[in-house]
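Engineer: Chains A and B, in that order, give the protein sequences. The opening residue of the first sequence carries number 1 in full-length UniProt numbering; numbering runs sequentially from there. The opening residue of the second sequence carries number 1 in full-length UniProt numbering; numbering runs sequentially from there.
What the hints contain is simulated information worked out from the structure, not anything from laboratory work. None of these values were measured; they are calculated from a predicted model. Ideal placement from N, C-alpha and C gives every residue a C-beta, glycine not left out. Just to be clear, a hint being listed does not mean it is correct.
Once the Cα atoms are required to be at most 35 Å apart in a straight line, the calculated DSBU-like pairs of lysine-lysine come out as [unchecked claim]:
1) A:208 x B:113
2) A:43 x A:208
3) A:56 x B:113
4) B:113 x A:344
Quick list of simulated restraints, FRET-style, between CB atoms [to be verified]:
5) B:157 x A:283: 40 to 48 Å
6) B:315 x A:395: 52 to 60 Å
7) A:395 x B:109: 33 to 41 Å
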Amino acid sequence: MEDIVMTRAAFGTTMAFHIIFATLGVGLPLMILLVELLFWRTKDRDYETMAKRWTKAQAILLGVAIPSGTISGVQLSLLWPGFMEVVGKVISLPFQIEIFAFFLEALFMSIYVYAAHRLSPAMRLLSVFMVLVGATASAILITNVHAFEGTPAGFRISNGEIVDVDPWAAFFNPSFFVTAGHVTVSAYMTGAFAIAGVAAWKLLRSEKGGRVYRYHQKALLLGLIVGGSFSLLTALNGHESAQLLHEYQPEKLAAAEGLFETQAYAPLAIGGFTDRETKEVKYAIEIPWALSFLAANRFDEVVVGLNDYPEELWPPLYIHTLFNGMVGIGSLLIVVGFLGFAWKKLLRRSEFPRWVLWIFVASGPLALLGIEFGWIFACTGRQPWVIYRVMKTVDAATAAAGVSTFFWIFLAVYLFLAIVTLLVFRSYFGRHPLELDPHDQPRERTAE
Amino acid sequence: MTDTIIAITLLWIFVVIYSVAASFDFGAGFWSMIYLNREKTKATSIANRYLSPSWEVVNVFIVLIVVALVTFFPGATYTLGSVLLIPGSLVLLLMLIRSAFMVFSHLIHKYDKTLSIVSGITGILVPALLISVLPVTQGGFIQATDGIEHLDWSLFFTSPHVYAYIGLAVSSTLLLSSLLLADYSYVAGAHQAYSVYRRDATLLGPITLLMAVLTVVTMQIEATWLYDRILAYMPWLIASVLFFFVGYIAVLLPPERRLIFHMPRLAVVAVTIQYLLASYAYGAARLPYIVYPHVTIESSFTHPDTFHALFICYLVGFAILVPGFIYFWRLFMKDEQYVRQK
């Protein structure tokens, strides 16, 4: 028992660390592509400067994302050999295609970063586009495996043997499209709010009305519009995700909502804590009928409660809080995105008040926090299964001793790298402050 | 050819490509550390220039190998995952740190020296750890208690065969990379760097050969089954040794001479062929065992339908990627301006 906790902790730490860089690594290329396109359309050189500076940020993040992604891949085999055996027989396609996506991303990122000054504008655009395609495809394909864990398809287990294997049926498992969509749009949202957050921070510290101020305002507005739009898409898709849970993993939805009694006209509980003893959600705001509507778009839908399942098959009840955190942050970010858009475009004010800027600053870290909540919710909510109703997490784990030692070592290395990454950010952008050329200066790309 | 043979061949091709490419990469890291304080020879900057764009692509290959292994031979994952947890995790840690510093030093030049030291040390440790997979899977080091397999460390650390492999891995890494860097600096016109790397290569050649002989000799004692089988591939081993001498003589000859290529390039090509031949003999002799004596390619093979789907994906994937690789090659390896950095 102790071992399984340590194994999960070891893999969980790797993932928690990796997804920060992976999510930004999917989101930032979209922003870079957008400013490259904006530069091409408007010839406003501020956008070119943004592309250059964001690429540097992307390169730093990628320096951690690629190796930590490599670690996740190899650790899967080292820590979860039982799981990987099923993966190898049934759901190996996404892993394998993901390698090609990863290659594509690494190849074009190397080209874009190390040979930027030798590329024609069209090749630059194509390279960033390829990085975006590679990064997005990687995210989608890895999510494919995650979707398979929740809604396995394409095989049967008979007498301990894996039979009737259909790799494409496993690939196009029921929750693939919705889950992959959720991961993709939320990553775009996070990349955009990260940009908006930094821009807002810079606006707080630069002189109003100057060139620098206008530069950051452009970045902020772009981040808010893109982030707001994608957070809306994330929410719409999240609604579908919830319905998918209702259909395929009812006990996960029940635990997410702290619902014990199976009932029609089920209420939605917001906030509070699920109490295992009294079987209720304490200190929550309850919206009558809302959960039934959420689950199937009708109020008389019967939503299954946890009491219908033996207690040892319940997901941990704290996922209610994670679920609330994810949904709460997502909803807040839609408002934040709209606020920015409305202030500038509808009210036509040229400047944001300071308190609004502070909200924007918070949007970047909040988006990342939402990603972490969502990911932990998705994986712990599936417990005790690693493959839903097929394989228990305990049975998939490595039997090798010494996992806990590596947990601590990896944790220390991740902390160290996180600090070094921050120092590198500070040092690079500290030595290369924003320098805006006057508009009339001839166009020139400096080689580094 | 059966499906299993196709699968193991593909996997072995990846392993060999990675070993050669990673040897260039890791070795270059080591040399850039060694020549850190000899700025006028440019030996370090030549090594770093080769290193910067190539590591990411080489890095992807290790994932390719793991994924190919797990997807083709899922039955081997359980044993390999349990037995290789510690060496595998160590490799991952070292590579994480190395890769991160690679990128950082590109952006911030004050990290250049730190990078050289980090990549120099990891450049030696990683091949030494990676090679240990071979003796471990040759059998003899894996013990099972209560049905749980684990590596017997005391046997492992007292085995001359393991040390012979480590010696072979380290010297090969250094030999291959010094040859490549000699060629690279010759093309770049950095004469001092060229003579430095050429001297290293001439020193390392005999050491590597000695290590190879030691590996075979210790194999006779510790993995007799494999030794007996490998003898059946004697012609391949002899051809391999012949190519070693071709490469070694090419290094000693004046670089301007040409035989298809100029001499430094010929040396790189010949020694690479030497490794391909030896890898073929070793790989073929090991068949059908992935982990001797319990796990074979048949016993651990994936579902045939999955294999067919995977195989088609490989064909499509490589068809898409190859143009990208060629473009990459032309940008960094063939572009005179980049190599000479004028």
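Engineer: Take a look at whether the Cβ-Cβ distance between residue 157 of chain B and residue 283 of chain A falls inside 40 to 48 Å.
Structural biologist: 58 Å, violated
Engineer: If you draw a straight line from the CA of residue 113 of chain B to the CA of residue 344 of chain A, is it 35 Å or shorter?
Structural biologist: 48 Å, violated
Engineer: Quick check on a hinted range of 52 to 60 Å for residue 315 of chain B and residue 395 of chain A, using CB atoms only.
Structural biologist: 35 Å, violated
Engineer: Take the C-alpha atoms of residue 56 of chain A and residue 113 of chain B, compute the straight-line distance between them, and say whether it is at most 35 Å.
Structural biologist: Judged against 35 Å, a Cα distance of about 21 Å means the pair holds.
Engineer: Sort out whether residue 113 of chain B lies within 35 Å of residue 208 of chain A, counting only the CA atoms.
Structural biologist: Not satisfied, since the Cα-Cα distance of roughly 41 Å exceeds 35 Å.
Engineer: Using the C-beta atoms of residue 395 of chain A and residue 109 of chain B, is the stated range 33 to 41 Å upheld?
Structural biologist: Between residue 395 of chain A and residue 109 of chain B, where Cβ atoms are some 51 Å apart, the hint is violated.
Engineer: For the pair supplied as a hint, residue 43 of chain A and residue 208 of chain A, confirm whether the alpha-carbon distance does not exceed 35 Å.
Structural biologist: 24 Å, holds
Hints 1, 4, 5, 6 and 7, counting from the list given before, are not met by this structure.
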